[in-house]
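Peer 1: Chain residues, written in single-letter form:
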Amino acid sequence: MTVLDSRIPDGPLETKWEDHKFSMKLVNPNNKRKFDIIIVGTGLAGASAAATLGELGYRVKVFTFHDSARRAHSIAAQGGINAAKNYHGDGDSVFRLFYDTVKGGDYRSREANVYRLAEVSNNIIDQCVAQGVPFAREYGGLLDNRSFGGAQVSRTFYARGQTGQQLLLGAYQALSRQVKAGTVELVTNAEMLELVVVDGKAAGIITRDLVTGRIERHSAHATVLGTGGYSNAYYLSTNAMTCNVTAAWRAHRKGAYFANPSFTQIHPTAIPSSDEFQSKLTLMSESLRNDGRIWVPNDPDESRAPGDIPESDRDYYLERKYPSFGNLAPRDISSRAAKVVVDEGKGVGPLKNGVYLDFADAIQRLGKDAVADKYGNLFEMYERITGENPYEVPMRIYPALHYTMGGLWVDYHLQTTIPGLFAIGEANFSDHGANRLGASALMQGLADGYFVLPYTIGDYLAPMLGQSKVDTSASEFAEAEAAVTGQIDKWLGQKGTRSVDWYHRELGKIMWDYCGMERTQQGLEKALSEIPALKEEFDTNVRVLGSADTINSSLEKVGRVADFFELGELMCRDALVREESCGGHFRAEHQTEDGEALRDDDNFAHVTAWEWTGDASNPNEHREQLEFDAVQLSTRSYK
Amino acid sequence: MNLTLRVWRQAGPDAPGRFETYQAADISPDSSFLEMLDLVNEGLIEQGEEPIEFMHDCREGICGTCGIMINGQAHGPASQTATCQLHMRTFSDGDELVLEPWRASGFPVLKDLVVDRSAFDHIVEAGGYVTVDTGSAPDANLIPIPKDTADLAMDAAACIGCGACVAACPNGAAQLFTSAKIAHLNSLPQGQAERYQRTESMVDVMEEYFGSCTNMGECEAACPKGISIDFIAMMNKDYRKAKFQNRRSA
Amino acid sequence: MATKVSDGPGAATRRAPFVVELYRSALGKKYVMAITGIVFMGYVLAHMLGNLKLYQGAEEFNEYAEFLRQLLYPILPESATLNILRLVLLLSLVGHVVAAAQLTAMNRKARPERYQGKRDYVVADFAARTMRWTGVIVLLFLVYHLADLTWGWVNPAPEGASVYDKVIASFSVPAISAFYLAANLALGVHLYHGVWSLFQSMGWNNRRFNHWRRTLAIGFTVVVVGGNLSFPIAVLTGIID
Ligand SMILES: Cc1cc2nc3c(=O)[nH]c(=O)nc-3n(C[C@H](O)[C@H](O)[C@H](O)COP(=O)(O)OP(=O)(O)OC[C@H]3O[C@@H](n4cnc5c(N)ncnc54)[C@H](O)[C@@H]3O)c2cc1C
Ligand code: HEM
Ligand code: HEM
Ligand code: SF4
Ligand code: F3S
Ligand code: FES
Numbered sequence: 001m002t003v004l005d006s007r008i009p010d011g012p013l014e015t016k017w018e019d020h021k022f023s024m025k026l027v028n029p030n031n032k033r034k035f036d037i038i039i040v041g042t043g044l045a046g047a048s049a050a051a052t053l054g055e056l057g058y059r060v061k062v063f064t065f066h067d068s069a070r071r072a073h074s075i076a077a078q079g080g081i082n083a084a085k086n087y088h089g090d091g092d093s094v095f096r097l098f099y100d101t102v103k104g105g106d107y108r109s110r111e112a113n114v115y116r117l118a119e120v121s122n123n124i125i126d127q128c129v130a131q132g133v134p135f136a137r138e139y140g141g142l143l144d145n146r147s148f149g150g151a152q153v154s155r156t157f158y159a160r161g162q163t164g165q166q167l168l169l170g171a172y173q174a175l176s177r178q179v180k181a182g183t184v185e186l187v188t189n190a191e192m193l194e195l196v197v198v199d200g201k202a203a204g205i206i207t208r209d210l211v212t213g214r215i216e217r218h219s220a221h222a223t224v225l226g227t228g229g230y231s232n233a234y235y236l237s238t239n240a241m242t243c244n245v246t247a248a249w250r251a252h253r254k255g256a257y258f259a260n261p262s263f264t265q266i267h268p269t270a271i272p273s274s275d276e277f278q279s280k281l282t283l284m285s286e287s288l289r290n291d292g293r294i295w296v297p298n299d300p301d302e303s304r305a306p307g308d309i310p311e312s313d314r315d316y317y318l319e320r321k322y323p324s325f326g327n328l329a330p331r332d333i334s335s336r337a338a339k340v341v342v343d344e345g346k347g348v349g350p351l352k353n354g355v356y357l358d359f360a361d362a363i364q365r366l367g368k369d370a371v372a373d374k375y376g377n378l379f380e381m382y383e384r385i386t387g388e389n390p391y392e393v394p395m396r397i398y399p400a401l402h403y404t405m406g407g408l409w410v411d412y413h414l415q416t417t418i419p420g421l422f423a424i425g426e427a428n429f430s431d432h433g434a435n436r437l438g439a440s441a442l443m444q445g446l447a448d449g450y451f452v453l454p455y456t457i458g459d460y461l462a463p464m465l466g467q468s469k470v471d472t473s474a475s476e477f478a479e480a481e482a483a484v485t486g487q488i489d490k491w492l493g494q495k496g497t498r499s500v501d502w503y504h505r506e507l508g509k510i511m512w513d514y515c516g517m518e519r520t521q522q523g524l525e526k527a528l529s530e531i532p533a534l535k536e537e538f539d540t541n542v543r544v545l546g547s548a549d550t551i552n553s554s555l556e557k558v559g560r561v562a563d564f565f566e567l568g569e570l571m572c573r574d575a576l577v578r579e580e581s582c583g584g585h586f587r588a589e590h591q592t593e594d595g596e597a598l599r600d601d602d603n604f605a606h607v608t609a610w611e612w613t614g615d616a617s618n619p620n621e622h623r624e625q626l627e628f629d630a631v632q633l634s635t636r637s638y639k
Numbered sequence: 001m002n003l004t005l006r007v008w009r010q011a012g013p014d015a016p017g018r019f020e021t022y023q024a025a026d027i028s029p030d031s032s033f034l035e036m037l038d039l040v041n042e043g044l045i046e047q048g049e050e051p052i053e054f055m056h057d058c059r060e061g062i063c064g065t066c067g068i069m070i071n072g073q074a075h076g077p078a079s080q081t082a083t084c085q086l087h088m089r090t091f092s093d094g095d096e097l098v099l100e101p102w103r104a105s106g107f108p109v110l111k112d113l114v115v116d117r118s119a120f121d122h123i124v125e126a127g128g129y130v131t132v133d134t135g136s137a138p139d140a141n142l143i144p145i146p147k148d149t150a151d152l153a154m155d156a157a158a159c160i161g162c163g164a165c166v167a168a169c170p171n172g173a174a175q176l177f178t179s180a181k182i183a184h185l186n187s188l189p190q191g192q193a194e195r196y197q198r199t200e201s202m203v204d205v206m207e208e209y210f211g212s213c214t215n216m217g218e219c220e221a222a223c224p225k226g227i228s229i230d231f232i233a234m235m236n237k238d239y240r241k242a243k244f245q246n247r248r249s250a
Numbered sequence: 001m002a003t004k005v006s007d008g009p010g011a012a013t014r015r016a017p018f019v020v021e022l023y024r025s026a027l028g029k030k031y032v033m034a035i036t037g038i039v040f041m042g043y044v045l046a047h048m049l050g051n052l053k054l055y056q057g058a059e060e061f062n063e064y065a066e067f068l069r070q071l072l073y074p075i076l077p078e079s080a081t082l083n084i085l086r087l088v089l090l091l092s093l094v095g096h097v098v099a100a101a102q103l104t105a106m107n108r109k110a111r112p113e114r115y116q117g118k119r120d121y122v123v124a125d126f127a128a129r130t131m132r133w134t135g136v137i138v139l140l141f142l143v144y145h146l147a148d149l150t151w152g153w154v155n156p157a158p159e160g161a162s163v164y165d166k167v168i169a170s171f172s173v174p175a176i177s178a179f180y181l182a183a184n185l186a187l188g189v190h191l192y193h194g195v196w197s198l199f200q201s202m203g204w205n206n207r208r209f210n211h212w213r214r215t216l217a218i219g220f221t222v223v224v225v226g227g228n229l230s231f232p233i234a235v236l237t238g239i240i241d
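Protein sequences, first through last, are from chains E, L and R.
Residues 1 to 639 in my numbering are what the first sequence spells out, letter by letter.
Residues 1 to 250 in my numbering are what the second sequence spells out, letter by letter.
Residues 1 to 241 in my numbering are what the third sequence spells out, letter by letter.
Treat the hints as calculated values from the structure; they're not laboratory data.
The model shown is predicted, which means the values in this text are computed figures rather than measured ones.
Be aware that a few hints might be false.
Here are some, though not all, of the chain R residues that point toward chain L, as calculated from beta-carbon distances under 10 Å [unchecked claim]:
1) 2
2) 29
3) 31
4) 79
5) 114
6) 198
7) 200
8) 223
9) 227
10) 228
11) 229
12) 230
Ideal Cβ placement from N, Cα and C applies to all residues, glycine included.
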């Protein structure tokens, strides 16, 4: 076990970032064009970084496997983005946002990073508004805010139910401007399949063109991964179908440590699945919890229609258990509470796999029009999917895998353990600890891309002035390419019998059952024996048809699922060694008498970062101890 | 429910294509259209046939990746619904469904139901942005924007770039997509400085790839986000003004 | 990489006068379609109203024909105003038809490979989809119409007959009347979409008034085509003789 150097600058929390920006090395404006930077991913993190680095004058090459930069998964975020603007004078401040985020993350995140995040949050809003992001406005013409996901101040900016879309389009447009200006080269339909490391430093990547199948080598002075999260390890999640861990995982296999992989977030308000074959769960924005009331019938055998169940026979369990937060209790708490009642047999809907989210009171209080104004498009979406009208029948919701706090370990500079390889956005583990607050992922993605990485990457590059990037004819590139083509040939060459999706579904079931909302030692150990067995079968029996020189979605998927297998194992191992409950990680063995998470700060106030050893079942564990100076560790109480 | 699918299969951009007939058996009415295709594909793989390639990602109607011509309608028969949001309860047991890719010069077919929509990106690159370098922005509340204006901009900005407008337009015109982006930025104070430059450049690039509008309104009907053709009129006006202004300033 | 339909107006780098530049783009051509369309609307409306004089008998009608030739006389020479108007109409026609042809060519290129399955249109009505054909029918009609009543080449009436007599002579032949009726129906279909459409093309858009566009298109079409249709019918039924 080695001690990881997080390179947190000295000095008071409030001025760390300012001071550090001054002390970091700069690349002279005329020299920036002498540096090549590869960015993988065009989500909020990747697109904002690419646009900004392009503006600064670096030569940027940005890759996405989507057919357009605008399709990254960030587009799907509905609810909003936080910032400490305190436009409503309700007592918000940078410190409060920082404090809430550390506390919300159950004290498993790095103070310095979180403070910096809160600090730049305001610049993000300014930047986005200037780009033309049409945030919601009040009648006076000023920006509107709402309170979101358990925050006690109104600090969430939103654009209808399409905040992620509008923010991503803003970043995509900024990126498009640089593409036109020629500072950024955008490569679409290109999937990164290997990281190339030369002399211990990131030297470039290997990509496959998903349309032509062409394998290409790209080299640069620095490589940045903004490749998103890995919720799809569970097969069913609210993430888009193509979200995967491949880029981060291949980097991990080349030496980048993977931190806190078991820290996953379950979102309380997804639409329950309607049958076994469902491939994707749809999220209903958490903002619905602002006005909807969550309940289940008292009686597991209740057979009346929801509207006919009298108040006395309903259990508004969140309001009952957490009177001060009620329906707005944080995600992990409300998710687990839903699991408890459904496990008690009180679930609603045909499969008894949901709880009610009821707007009857809100409609009575505010009027149907006001409710429609706020949530109209969400209600429509719900009706389209379920065929039920939420103005009349309460919605049914159930928790679903949604976000992964874990990711590549990065230091204060967002650099991984491989020099020259940076990770931003959901792909890194940085700011959310064991649980992410609503509307903070968009904030983090844009903070990393617009306001943090552009500074820290300069500090890495400055001393390299005059060095040319590694030539793509280097033997390391050839080896990496051979590994990729070898893998592809193997998948296509073998005569398997089962589809990639079948294996993915099976893996997902294991993950959800044993490494989901509630984890036990026994379950995790079971998973750790089942996953490698299934993987072994997968390796020889998966069927991939077609050829490599054309669009072949099975071929794309098979590599991603292979990585999910290895990651899944690591997630379970991580969950197993973390003998405490914190945030989204709930170990049944560690709970208070009333069933709340029981942290163990003496033994687990650290980040676990895993090193690849070549054997997926035998990784090396490293730790970064977390120091808390500004906040007092306390037991989260949302009572 | 059981359905018969006639699906356009085409091996590559230059390969000839044709309809193939498949059966979709035991489909739950609650499943989505793409889940139905997933099932058909699993069946094909089992039989050793290459699965049908189609575009999709978010499956919640926001990424704009999906898009199939279903029974002669872009995104199928349900209004304001992207293909991925279409549910099988829209159809009846025994229906025959014809599935074709978007067809337009600007959207060449790559394989089966997959087309290349990069032309849309080129239209945006031509000016679909506000020039503002990172870090140079003033405080967000410095310019109040009337709620109506912000709402109008949002109506236009809701476009997901799916290309159904082009697919549905009898002329293969991309007017709705282009005008939506132009209207989004041109109606906001932040977009004024580049208003005419933007309009002219974007329209010019649009016309390199797509047909011209004869105001058929089919695009609006197919659009999963209900983008209004009023924006096309706004674009036409701004374009005329742009030609005039830009000539004067040149 | 998507396939280009044309090199686009942007390809021409040298800057020409505003109107030329505008016309280079498809949007500009639509302005030409719309403006010339408005000229035609004015003409067909006025022409229909003038032709109502047919109901007042030969004398009145012939006087009206003469009046047209005396317009603004003696400020301008005889028939000068009429000729200027003719010139405007002719130029408009050339503009309208040439722009229509160019746009049609562009649209063909924008979808070289048609849908192989059946299309199911939601709102694009018959009128909108057949503008090119109703336009061509009107054009063919126009040629015949001029040969018939203006130049008299194909008119059944004897040489030197008055305008009124020529009209009666033509419309008394059922086949000619039928052709007039058909052509005017085509014009109606063309106008039904065209009058609505030109507001979009001209960028005349106001959410408060937009719903009136359809009403206006229907009203205008009914008045013009209704009037025009009445003439052959009136002759055939003997209301005018
Ligand atoms: C349904 C939903 C709603 C959400 N709502 C909110 C919300 O309201 N507020 C909030 O703050 N957060 C929300 N989140 C979370 C937030 O959207 C994400 O965490 C965030 O957008 C991630 O951004 P990203 O840039 O890190 O990655 P992504 O947006 O996922 O982008 C990843 C990019 O990497 C590319 N990529 C990945 N792998 C490769 C590879 N191997 N090769 C090439 N390219 C690759 C992809 O093409 C894509 O461009 C929501 C998430 C979901 C699922
Ligand atoms: C008296 C005769 C005519 C009248 C009153 C007339 C009127 C109009 C009007 C008002 C428009 C709408 C313009 C716009 O949308 O901007 C239009 C469009 C059009 N006209 Fe005509 N037109 C006439 C003759 C013709 C002829 C002779 C042709 C062709 C040969 C023609 C072909 C078209 C076409 C193709 C359009 C474009 C379709 C569209 O915008 O939807 N028209 N016409
Ligand atoms: C049934 C209806 C119509 C009748 C009875 C009618 C009648 C006439 C008559 C009598 C003339 C000759 C006028 C003269 O020489 O003084 C004329 C000319 C003309 N008509 Fe019509 N017309 C009809 C419909 C139309 C339509 C629909 C159009 C256009 C699309 C049209 C276009 C013209 C034109 C362009 C001229 C030549 C005008 C000139 O330059 O002298 N007419 N019409
Ligand atoms: S305008 Fe509508 S149909 Fe066209 S790309 Fe945008 S969302 Fe799709
Ligand atoms: S359908 Fe086509 S013709 Fe115009 S109004 Fe829409 S682009
Ligand atoms: S798959 Fe994203 S819009 Fe349909």
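Peer 1: Run every hint past the structure and note whether it holds.
Peer 2: Hint check results:
Hint status for residue 2(R): holds, given a least beta-carbon distance of 4 Å to chain L, under 10 Å. The closest approach between the C-beta of residue 29(R) and any C-beta of chain L is roughly 7 Å, which is under the 10 Å cut-off, so the hint is satisfied. Below 10 Å, beta-carbon pairs count as interface contacts, and residue 31(R) has one with chain L at about 7 Å; its hint therefore holds. Evaluation of the residue 79(R) hint against chain L yields a violated restraint, the C-beta minimum of about 36 Å exceeding 10 Å.
A least Cβ separation of about 7 Å between residue 114(R) and chain L falls short of the 10 Å threshold, and the interface hint therefore holds. Taken as an interface hint, residue 198(R) checks out: its beta carbon lies about 9 Å from the nearest beta carbon of chain L, inside 10 Å. Interface hint status for residue 200(R): upheld, as the beta-carbon distance to the closest one in chain L is roughly 5 Å, under 10 Å. At about 22 Å, the closest approach between the beta carbon of residue 223(R) and any beta carbon in chain L exceeds 10 Å, and the interface hint on this residue is violated.
Against a cut-off of 10 Å between C-beta atoms, the interface hint on residue 227(R) is violated, since the closest Cβ of chain L lies about 26 Å away. Hint status for residue 228(R): violated, given a least beta-carbon distance of 24 Å to chain L, over 10 Å. For residue 229(R), the shortest C-beta to C-beta distance to chain L is roughly 26 Å, which exceeds 10 Å, and the interface hint is violated. The restraint placing residue 230(R) at the interface with chain L is violated, with a minimum CB-CB distance near 30 Å, outside the 10 Å limit.
Hint compliance for this structure: hints 4, 8, 9, 10, 11, 12 are not met, and every other hint is.
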